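Below, each chain spelled out in residue letters.
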Amino acid sequence: MKKKPLLLLIMRISVLQLSLILSLIGSAVAGNGKAQGLLDKKITLNESNVKLENVLNQIEKLANFSFVYKTSLTSSDKTISIRVDNQSLSKVLDDVLAPFNLNYEVSNNYIVIKTIEKADLAITDIIVKGTVTDEQGQPLPGVTIKVKGGAGATSTALDGKYTIHVADVNSILVFSFIGFTSQEVNVSNRAVVDIILKSDTRNLNEVVVIGYGDQLKKKLTNSISSIKASDVNELPVTNLGDALAGKASGVDVTSSFGGQPGTAPNIVIRGLGSLGSDNSPLYVVDGYPLESADQFGTINPADILSIDILKDAASASIYGSRAANGVVIVTTKRGKAGQTKFAFSTYTGIQQLAHKEKLLDSAEYMQFEPLLYKERKSTAVLASPLFTNTDWQDQLFRKALITQVNLSASGGSDVVQYSISGSYLYQDGVEITSGYKKYGLHFNLDAKLSDKLKIGVNIAPNFSVQNAVPNGGNYTGTNDATYGGSGAVPNPIYSALLMPPVIPLILPDGRYGQPNFLTPNPGFQSNIENPVAVLNSISNINSNFQALSNAYLQWSIFKDLTYKLNAGGNIAANRNQTYVSDITPTQTALNASFLNPNPASIYAGEDNYRSLGWLFENTLTYNKTFKKEHHVNVLLLQSAQKFSSSDDKVTGATGTFTTDQIHNPAASAQQLGNVAYDVYTFSSLAARLSYDYKEKYLFSASIRSDGSSKFGADNRYGIFRSISGAWRLAEEPFIQKINWISEFKLRASFGETGNANIGSFTWLNSIQGANYNFGSQGSSAGTRNFGTNPAGYYNPDLTWEKNHQLDLGIEFGVLQDRVYLTADVYRKITSDMIQSKNLLGIVGYASAYNTNTGNLMNKGLELALNTVNIKNKNLRWTTNFNISFNRNKVMDLGGPDNLGYKGAITGWGNAFLLKVGRPIGDIYGFIVDGVLKDAAAVAAAPKLRSGVFSPGDMQMRDVNGDGYIDESDRTVIGNALPQYTAGMTNTIQYKAFDLSFVLTARKGGNIVNGNLRNAFGSPGLNLPQDFYNNMWLSTNPEADVKYPAVTGNSTYTFVNTLTSLVVEDGSYLRMRNVTLGYTFTPQILQKIKLKSLRVYASGQNVFTITKYSGFNPEVSVNGNSVSAPAIDQGVYPATRTFIAGINVGF
Amino acid sequence: MKDFKIFKKSIFLLILTLAGCSKGFIQDVNSPSRIPVNGYYTSQADFQAALTGVYSTLRARYDNFFIMAEVPSDNIESINGVVANTGNLDALSYGSTEPAVQTAYLGYYTTIAQCNNFLNQIAPFSMDAILKARWIAEAKFIRALMYFDLVRFYGNIPLVLNPITDDSSYTYPQAGSAAVYTQIIADLKDAEPVLPANYTASGATTTGGSYTANDVGRATSGAVKGLLGKVYLTQGDYADAAAKLKEIIASGVYGYTLLPKYSDVFSQTNKNNAETIFSIQYTSGVFNEGSNFAINFFPPVNPSELVNVTPIGLGQATASLFKTFEANDLRTATSVVLLSPTGTAYYYTRKYVEQPLAKNQGNCNWIILRYSDVLLMEAEALAQLNDPTAISYLNQVRTRAGLPNKVFSNQATLITDILHERRVELCYEGQRWFDLVRTNTFISALTTEFTADGFTKNIPNITAGKMLYPIPFRETTLNPSYTQNPGY
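Here the protein sequences line up with chains A and B, keeping their order.
Start counting the first sequence at 1; every next residue gets the next number (this note's numbering).
Start counting the second sequence at 1; every next residue gets the next number (this note's numbering).
Excised from the complex, chain A in its bound form:
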C-alpha cells in the first residue's frame, strides 16, 4: 500500500476525533514511559453493533489514554459487539482489532494501531501542538507551520494555537510569518512545542507593488521605496501626503502652505524634472491612476496597507506618459478570512503656532515711529489715548482642537472577504476661522466565484469641508483668487505682522481698530486693515466629495496564466462658496465696518466643479518557473482612460447687493456666470518581461505605447521603454561563505517616461469674446457690439516631455539584514520640455506659450540605511535613515539663453531666472554690502544712472565693475533648492512601551522673505526687532548697522528692490513627530475582553531648528513652482500638534 501523504491523513480525522485527541494527548504524554503498563490496565466494556471507531473512543475514555492511528484504518462500516469485564487492555485490544485485520504496537510512549500485514511499516502519526507568540507575548495568528522535508502544514488560529501531525518524534517544524524570522525547531519527543517568533529584520521576502503586479523585494531590479501602514496610520496629519515626510529617500515632502487645515503638501520625487508642467507624481490608488494629485491627500491614512514609490524611470515606465515625476502606488487594506475583527481608534489634541515672529511691541514702536518720521522729514506719530499694546499674532492665532475617529470591521470566509471602515476628522485651524472636517468610508469585498474566478470591488467615498482663509500674498490683497479676483481681500497673516501694535483690536465705538479709523490718523499707513475684522467677516468654504470605485475580475486561465479586468470610476464634486461681507475692510472699502457697512463691496461666489473619470484595463500575466531555476513573468496590458469635467461659477455682480442677510449670489439682482469644460483621453498598450535565474541574475524590460488627446494634433502618441537588471551576489557561493553578509545586490536600470501634466488643448489658440460699445451719444448708452479676438499661440507639435533616467543601485545587508543599506545614484535628463516660453511683446497674442524645447538634467544620490540597533527580549530599537542629494542644471532652452525673469512678489520683480548652465531656483537681485554711512561713502560708491544715492541708502555691489549700479548688476544671490534633504525615523520598543520619532532636515535652500518688504521702508507699519535694532539713523550715521535708512529715495529702495538682505537661509532640522505608546498585555486584555489595546501620545512638529526668521522654512507661496519657488509672504504658519490617542481591537 502506497504511503499516503500526511496532510491527507490529517484531513480525514474528523473534528470530533481531533478534539478527543487534543484533550487526551496530554495525559498520554503525562504517562511517559508507562504505555506498557497501561496495557495491563483493567477495563470493563459492553457494546453491541458499533463501529470500531466508537469502540476505540470508548476505550480511550475508560483508559484515560489515546491511540495513534490513521483514520482510514477505522473508517470501515463493519460493526462489532463486545462484552468484557475487568479485562486487561491488551486483551481487549486483541479482541477488538482482530476482526479488522489490525493490531497494535507500543512505540515509545504511544499505542499505535496498524494493519497486521504492514506490521513492520514505520509510519506513525504523531500530534504536536503549541502556541506561537511574538516577543511581547502576544499570540500570533496566521503563522505557517510546515514539517521540514515532509508534506504537513498548518497555521495558527486567532489565539496563536496550532496542531500538526508529524511522522517522527524528531521531525523538524518550520515556523514562518511575514515580518518575522522563520524558525526551525526539532520536535525532540515533545508533544507541546511553544514558540516565540522574533520579528524579522530581513525584508527580502517583503512584497512590493510594482504597477500592474507585485514582486518580491529581493527580486527587484529597480529603485522603489515602500512605506508600510504602521508608518502612516497614526500620525496626527490631516493630509496623507504629510505622513510621508522623511520616510523615503528621494521623496521630498514640504508643507509649503503651512498648517492650513485640509491643504496638501508638495511632494516631489527626485528633483524638479520639468520647467513648464506640473512636477507632481502620478498617484495610483488600488490600480486607478488619479487624475488630480489633490485627491491623493484625501485618503484616510488608517485605510492604507502600503505605499510604494516608483522612483527610477525603469519602474515607472510601465505607466508611460504620466510617470516622469515618479509614481506613488497606494494599496488599501482588504479583508482577510477569519473571525470578524473590529478596530476602533481615536485621537484628540491641541495645535498651536509653531513659531512666533519677534516684532516691536507698543513701547518700542512708540520709540521707533518718531525716529522714522524724523528720517522722512515728516510729522511724527502723535500719542493717542486710544493707543494700547496689541499683539496681533496673538489675536490672529489660537490653540486649536484636532480629533479623529476610525472604526473598522473586516473578516470573511475562504470564499468572501470584506473590509469596511469609516472615519471622521475634525480640525480647527490655528488661524481663527480656519478649519477642516472630513468623513470617509472605505469598503472592499473579494469573492472567489470558483477555483479560477475571483472578483472584487472597492468603493471609497469621502466628503470634506474646509473653511479656508486667505493664504499668501500682500497685505493689500491676497494671492488667493477665490475672493472675487486677486487682491480683493487683504491677507490677514501679513497684515497681522505689519499692523502697528499701538492700535487697539477694538475701538471704543465697537469697531475693529485700524489706522484709517483713528482721527486724526497720526501718520500710519492708511490702507492696512484689521486682520481679525477681515477674517470674521469673510468665508470661503470648500466642500469636496469624491468617490473612487473600482472592480476587478480575475481569471486563472491556466495555472500560470492570469487574466484580469480592472474597471474603475472616479467621481468628484467640489463646491466652493465664498463671501465677502459689507463690513469687510478691503482696499476698495477701507471704511467698511458695522457702523458703516458698504453693500457695494459685497462679494458672493458659488463655484461648482464636477468631474468624471473612468478606466478600463485588461491585463494578462504569465508567471512560470522552469526547471526550478528560470522564473519568467510576462505582463500584457491594454488600458483606456477618459476624464471630463465641467465647472460653473456664479457670482453676484459687484455693486448689486443691497443686503447682507443671505451669503450667496442669490442676494444679488444680477448674477453672472462662467463655465469651463475639460476633456481628455488616454489609450495605452504595454508589455513587461521579468526573468530571473535562481533569483541571482535578474532582468526586466517593459514597453508602453501611450496616446493622449491632450497634445497637439500632430503629436499625440509616444513610446516609453525601459530595461533593468540586477545581480544578487549574495547568492553566489563565494559571498555565501561570508556569514555576516546577508544581502548584496547590484542594480542598474534605464528607462523612458513622459510628462503629460499640462492641461488639455493648451497647444491651441482660440477665439475669445471681446465686446465694444458703439453708438453712445449724450446719455444714450449705445449698443454693445459683440466682437472676437484671437488669443494664444498655436503649436500643433506640442507633445509630452520625455525623461531618460539611468539608475545604479546597490543593496547591502549584514547580520541577517540588521544593517541594510540601499544606495542609488541616478541621472535624469528631461528633454523636449514642456515650457511656458516667454514671447516677445511684439507677438501680441500671448506673452508666453507652451512648447517642447530644451533639456534639463537632474542627478542625485540617495542613501537609505535601516538598522536594528538593539534586539533582545525586552528592547528593540530600529532606525531608518535616509538622505537625498539632488542637483539640477538647465542644459538647453531651445534657443534663448534664458526664459525671462519671473517676479517674486509685488515690488520684488525680476527675481527668478531659468538660465542655461544654471540650476533651477536661482534667485537674482542685488548684493548689499552694508549701508552708505556718510557723504564720503556715497562719493566713493558706484553711481546711479539716474538719481543719486544718499547717506543711509544700501551700499549695493557694482558686480560688473562699470562704476554704476544698474540692472546689469543684478546677480545670483541665492538658490531656492536644498543641497540635501534627510529623514530619520527611530522606533524603540521596550516591553509594552513603544517610542518613535521622526526627524527631517534640509540643508540649503534660500527663501525670499516677502514678509519683510513692507515692514521696512513703508511708513507707519510694524517691523521685526532685528530691523529696529540694526537700521541706519541720521542721528548716528557711523554706527555699524545691517539695514539702510527707511527713507531710501534712490532708484533702488528697499520696497522695490530684491536684495541679499531679505534672502534667507532655509536650512532646518525638524522634529516632525514623536510618539510614545503603551500596548496592554494579553493578561490584562483577557480580563477586559479585548483583543488589543494601545494608548499613545504624539507630538507633530515638536521643534524646528532654523535660522529662517519667518514662520516656516518649508514655505513656498507658489507651491512647487519651478519658476518662482521658495517665496514667503503671508503664508499660513506651521503648526505644532500634541495629541493623545487610543486604539482598540475587539
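Accuracy of the hints is not assured; some may be wrong.
Here are the simulated BS3-like cross-link-like pairs (lysine-lysine), alpha carbons at most 25 Å apart as the crow flies [unchecked claim]: (1) A:K217 - A:K341; (2) A:K91 - A:K42; (3) A:K228 - A:K217; (4) A:K356 - A:K333; (5) B:K23 - A:K564; (6) A:K642 - B:K23.
Taking beta-carbon pairs under 8 Å as the criterion, some of the chain B residues facing chain A (in silico) [unchecked claim]: (7) F25; (8) Y40; (9) S56; (10) T97; (11) N308; (12) V353; (13) E354; (14) A358; (15) F473; (16) T477; (17) S481; (18) T483.
Because the hints were derived from the structure by calculation, they are not lab data.
Keep in mind the model is a prediction, meaning the values are calculated, not measured.
Glycine residues also receive a C-beta, built at the ideal position from the N, C-alpha and C atoms.
For chain A, the structure is supplied; the task is to place chain B on it using the hints.
Showing chain B alone in chain A's frame:
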C-alpha cells in the same frame, strides 16, 4: 472548460473593439471650449466681430495711460510719493523693469497684433468692397494710433505689420523712429480718404462706406486728420500740421465745436459730444467694459463723491497745476480742486465725476482727440511758422474758459502761452508729458516742478534720457540685440 470558451471569446472581442476605436478615442477628442483661430474667419459677420474686437483692446490701452503720459510731468503726482504703481514714475526713478512701462509696451503690441491679424485675414476675403475698404481703414487708423504712442514713448521700436507665428520674433529688429513715422503717416493717409466724416448717414451700419448713429465711436476721417496733424506737429513739420488741422477747422462736414460749458465735454452723460473727435468708449455695468478714472483720480480720503468704492488715488494733481490756473478760469472747478481734510492738501480732478459701483465699472470715456486740442495744435503750428493768426485759435479756447483774449506780442511768448493753455485746457487727458517732450521743455519744467514742490533732498536726476522710456527689461532679455534707450 465551458467558462474558458466564453471568456476567450469575450476577451478577443474586447481587445478587437478597443484596438478598433483606439485611434478615434484619441484623435477625435476636441476641446469643448476652444474655438481655434485657424479657419474661424469665414463670413463677413466674422470680420465685423473681429474689428469690434480690435476696438475692444483700446480700453485697456487707455485705462492707465496717464501713468506714463502725465505722472512723470508737472501735472500729476503720486500721493505721498509711495503709491506702488506711480511712485517711481512720479520721482523719475523708474528703470527698465518698471511694471507700468512694461505693461504698456506689451499692451500696444497686443492691439497692433489684433490689427495685423485683421488686415491679414480680411485681405484675401471677398465681400462688399466698400465696407471692406472702410474696415481696413479703421484698423489702419488704430494701428497708426498705437505706433504713434509707442514711438513717442519708446523711440526705437520694432515695426511689426504682419502676424508673427514663429520664432522669428526672437530676432526681429528694432526700426528707426523715422521708419515708424513713415508707416504711421502711410496708414493714416490710406485711411483718410476712405473713412466717413461723421455719423449722420441713415440706414444700417454694415452696408457701406458711411456711418450712422449706431457707429458713434468709430474712427472718422476727422480723427485721421487730427491725428495726422499731431504727428506732423510732433515731427516739427509745422506746415503740413497747420494745413492738415486747418482741414478740420475749416471744413463744414465735421461739425466739431467747442461746447459752451467746459465740464460738459467730459460728462459721462454727454459722451461723444460735438467737441469730441475720437474717444475710447467705456460702458458702465458688470461686464468689465467700464473705466476706472474716478477711482484712480480721487484721493484716498474719500471726498464723498464716490460712495460705493474707496478711491485709489493713483494720481493727484500737483500744487503747481492748481496754481497755474488764472483767476476766474471757468475750467478750474472741473480740472483741479483742493480737498484739505485735517490739514493735508489733496488736489484732484473732477473731470471724471461719477459714482461707479465697483472698479472698472465707470462710464466715462477717455478722449484721444477733441476740438480744442485741434485748435491749440493749429495755433502752435502757425505760431511756429510765425503766423500771427495763430492767436485767434488760442483765444477761441480762452473765451470758452471765460478768460480775456491774448494779444500777440512776439513768437516766443505766443508759443509759451499756447503751451500753458494746453496745460490747463488738457490736463488729466494724457497730453502733458508729450507736450513737454515735443517742445523740448521737459527738463526745465520738471526742474521747476521739483524745486517748487519743496523737495530738499534727492531732486531726481532730470536728464534728457527721461524724454524716452526704456525698452522693457523683459524685451531686451528675450532679444539681446535690442538697443536700449540712452540713460537706462
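To see whether the hints hold, each was checked on the structure:
1. A:K217 - A:K341: Between K217 of chain A and K341 of chain A the Cα gap is close to 29 Å, so the pair fails against 25 Å, i.e. violated.
2. A:K91 - A:K42: Since the Cα atoms of K91 of chain A and K42 of chain A sit roughly 9 Å apart, the hinted pair holds (cutoff 25 Å).
3. A:K228 - A:K217: Cα-Cα ~13 Å, so holds.
4. A:K356 - A:K333: 40 Å, violated
5. B:K23 - A:K564: Between K23 of chain B and K564 of chain A the Cα gap is close to 24 Å, so the pair holds against 25 Å.
6. A:K642 - B:K23: With Cα atoms ~14 Å apart, K642 of chain A and K23 of chain B stay inside 25 Å; holds.
7. F25: Holds: closest Cβ of chain A sits about 5 Å from F25 of chain B, inside 8 Å.
8. Y40: Where the cut-off is 8 Å and the nearest Cβ of chain A is about 5 Å from Y40 of chain B, the hint holds.
9. S56: 4 Å, holds
10. T97: For T97 of chain B, the interface hint holds, since the closest Cβ of chain A sits about 5 Å away, which is under 8 Å.
11. N308: This hint holds: N308 of chain B lies near chain A, its Cβ roughly 3 Å from the closest one there, short of 8 Å.
12. V353: It is violated, given that the least Cβ distance between V353 of chain B and chain A is near 14 Å, above 8 Å.
13. E354: 12 Å, violated
14. A358: 4 Å, holds
15. F473: 6 Å, holds
16. T477: 6 Å, holds
17. S481: Interface hint status for S481 of chain B: violated (11 Å vs cutoff 8 Å).
18. T483: Where the cut-off is 8 Å and the nearest Cβ of chain A is about 15 Å from T483 of chain B, the hint is violated.
Consistency with the previously given hints fails for numbers 1, 4, 12, 13, 17 and 18, ordered from lowest to highest.
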